[in-house]
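The listed protein sequences correspond, in order, to chains A, B, C, D and E. Taking the working numbering, the leading residue of the first sequence gets 1, the next gets one more, and so forth. Taking the working numbering, the leading residue of the second sequence gets 1, the next gets one more, and so forth. Taking the working numbering, the leading residue of the third sequence gets 1, the next gets one more, and so forth. Taking the working numbering, the leading residue of the fourth sequence gets 1, the next gets one more, and so forth. Taking the working numbering, the leading residue of the fifth sequence gets 1, the next gets one more, and so forth.
Among the hints, erroneous ones may be present.
Identical chains share a label here; the pair holds if one copy fits it or two copies do between them.
What the hints assert, rightly or not - Dumping the calculated BS3-like pairs for lysine-lysine here, alpha-carbon to alpha-carbon at most 25 Å: (1) K89 - K70; (2) K54 - K22; (3) K22 - K89; (4) K23 - K54.
Note that these hints are calculated values from the structure, not bench results.
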Amino acid sequence: MIIARILGTVVSTQKDERLEGKKLLIVKPINLDGSDQSGYLVSVDTVGAGFHEKVIVVGGSSARLAEGNKDCPVDSAIIGVIDSFDFVK
Amino acid sequence: MIIARILGTVVSTQKDERLEGKKLLIVKPINLDGSDQSGYLVSVDTVGAGFHEKVIVVGGSSARLAEGNKDCPVDSAIIGVIDSFDFVK
Amino acid sequence: MIIARILGTVVSTQKDERLEGKKLLIVKPINLDGSDQSGYLVSVDTVGAGFHEKVIVVGGSSARLAEGNKDCPVDSAIIGVIDSFDFVK
Amino acid sequence: MIIARILGTVVSTQKDERLEGKKLLIVKPINLDGSDQSGYLVSVDTVGAGFHEKVIVVGGSSARLAEGNKDCPVDSAIIGVIDSFDFVK
Amino acid sequence: MIIARILGTVVSTQKDERLEGKKLLIVKPINLDGSDQSGYLVSVDTVGAGFHEKVIVVGGSSARLAEGNKDCPVDSAIIGVIDSFDFVK
Chain A
1 MIIARILGTV VSTQKDERLE GKKLLIVKPI NLDGSDQSGY LVSVDTVGAG FHEKVIVVGG
61 SSARLAEGNK DCPVDSAIIG VIDSFDFVK
Chain B
1 MIIARILGTV VSTQKDERLE GKKLLIVKPI NLDGSDQSGY LVSVDTVGAG FHEKVIVVGG
61 SSARLAEGNK DCPVDSAIIG VIDSFDFVK
Chain C
1 MIIARILGTV VSTQKDERLE GKKLLIVKPI NLDGSDQSGY LVSVDTVGAG FHEKVIVVGG
61 SSARLAEGNK DCPVDSAIIG VIDSFDFVK
Chain D
1 MIIARILGTV VSTQKDERLE GKKLLIVKPI NLDGSDQSGY LVSVDTVGAG FHEKVIVVGG
61 SSARLAEGNK DCPVDSAIIG VIDSFDFVK
Chain E
1 MIIARILGTV VSTQKDERLE GKKLLIVKPI NLDGSDQSGY LVSVDTVGAG FHEKVIVVGG
61 SSARLAEGNK DCPVDSAIIG VIDSFDFVK
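Let's have the full structure, built from the sequences with the hints guiding it.
In structure tokens form, the structure reads like this:
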């Protein structure tokens with residue numbers, strides 16, 4: 001998994017029906033020092049995360065194991081809001 | 001998932017029979033400021049997207065969960081046309 | 001999926017028995033202008049592609065959905081010969 | 001799989017219920033000479049690894065095959081503590 | 001799949017029980033001209049490959065389809081020893 005922060009939202013009307021009601025968020029992967037990485041992902045929020053919160057993002061087929069994503073055509077899901085992370089180099 | 005825009009089409013006659021009738025589009029991943037990323041993907045359109053529209057693209061095994069792709073040998077699918085996306089840096 | 005061209009072949013005698021009879025080709029991903037990308041892949045041909053033809057290559061678990069690859073330990077398959085591709089920047 | 005060393009921990013209260021009780025560690029991929037690679041991963045420890053130990057990390061759907069991870073939304077797992085590794089260039 | 005050469009071994013005592021008896025090798029991806037690529041992988045040998053032999057390496061979920069790897073938490077497997085490979089640029 002990676003650590004990311006929530007930047008924004010994607011609005012789509014014409015879409016796969018299994019995406020109905022899903023919250024599609026734009027997330028930005030961050031480094032351990034809190035700085036942004038390049039790039040972004042569109043990820044399904046499954047835990048009710050808020051803007052600019054730091055979150056845990058899972059990718060690939062495991063995104064379909066997140067709550068509510070069974071059999072959905074999604075490859076990225078937010079599975080946790082991060083309280084804190086600690087590390088020693 | 002990623003955000004991409006539709007650039008073109010791929011025509012193939014000699015192909016896996018499960019690709020029959022599928023619309024294979026060339027899509028270009030874009031950055032959040034709308035600029036192009038390098039690279040491209042060949043992706044199956046499952047939502048009737050139009051040229052130069054911005055779309056949501058799913059990759060990996062989840063592309064087979066998109067409408068009509070069950071058991072198809074595809075690793076990328078267009079699953080939504082984007083109306084808008086908003087973000088705050 | 002990606003677009004690649006066929007460069008060569010790999011010969012292996014001592015191998016997983018489910019690779020018996022499979023044609024293992026070396027393919028080189030190309031850019032939309034026809035130029036080579038760096039890198040290469042070893043991919044199972046499932047459509048009878050010829051040397052230097054441009055082909056569609058699928059990766060990951062979906063390579064096992066290509067004709068004849070069921071339950072095979074392969075992560076890349078050629079699933080179509082490209083007649084043409086068109087795009088507008 | 002890759003070789004990584006354990007740097008730290010991630011604490012998350014608001015999360016997918018299948019992550020309850022899982023130890024989420026921050027791991028840093030290393031090169032064969034022992035130096036750090038860039039980047040990091042959040043990985044589920046399934047073998048009781050200790051801080052700064054060198055470990056084997058598996059990614060993708062196979063992370064769900066690690067002990068205790070069945071049907072969990074995780075894409076990275078620590079599956080072994082490394083005693084030693086040897087190589088000749 | 002990719003072409004790699006075998007560099008060394010990884011020894012791990014404290015590990016997932018489904019790794020018991022598996023030979024974990026360090027492999028280095030190579031270019032078509034035989035030169036080394038950067039990086040390395042830890043891969044399960046399933047074909048009895050020898051040191052410095054050139055091998056075919058499969059990644060992702062398909063590594064679990066290699067002989068003996070069913071339901072194992074592995075994402076890379078050696079599935080063939082390469083006799084030769086030929087290509088024309």
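Evaluation of the provided hints:
no. : hint      : result
1   : K89 - K70 : neither (38 Å within a copy, 31 Å between copies)
2   : K54 - K22 : both (19 Å within a copy, 19 Å between copies)
3   : K22 - K89 : between (38 Å within a copy, 23 Å between copies)
4   : K23 - K54 : both (16 Å within a copy, 18 Å between copies)
Going down the numbered hints, you'll see the structure goes against just number 1.
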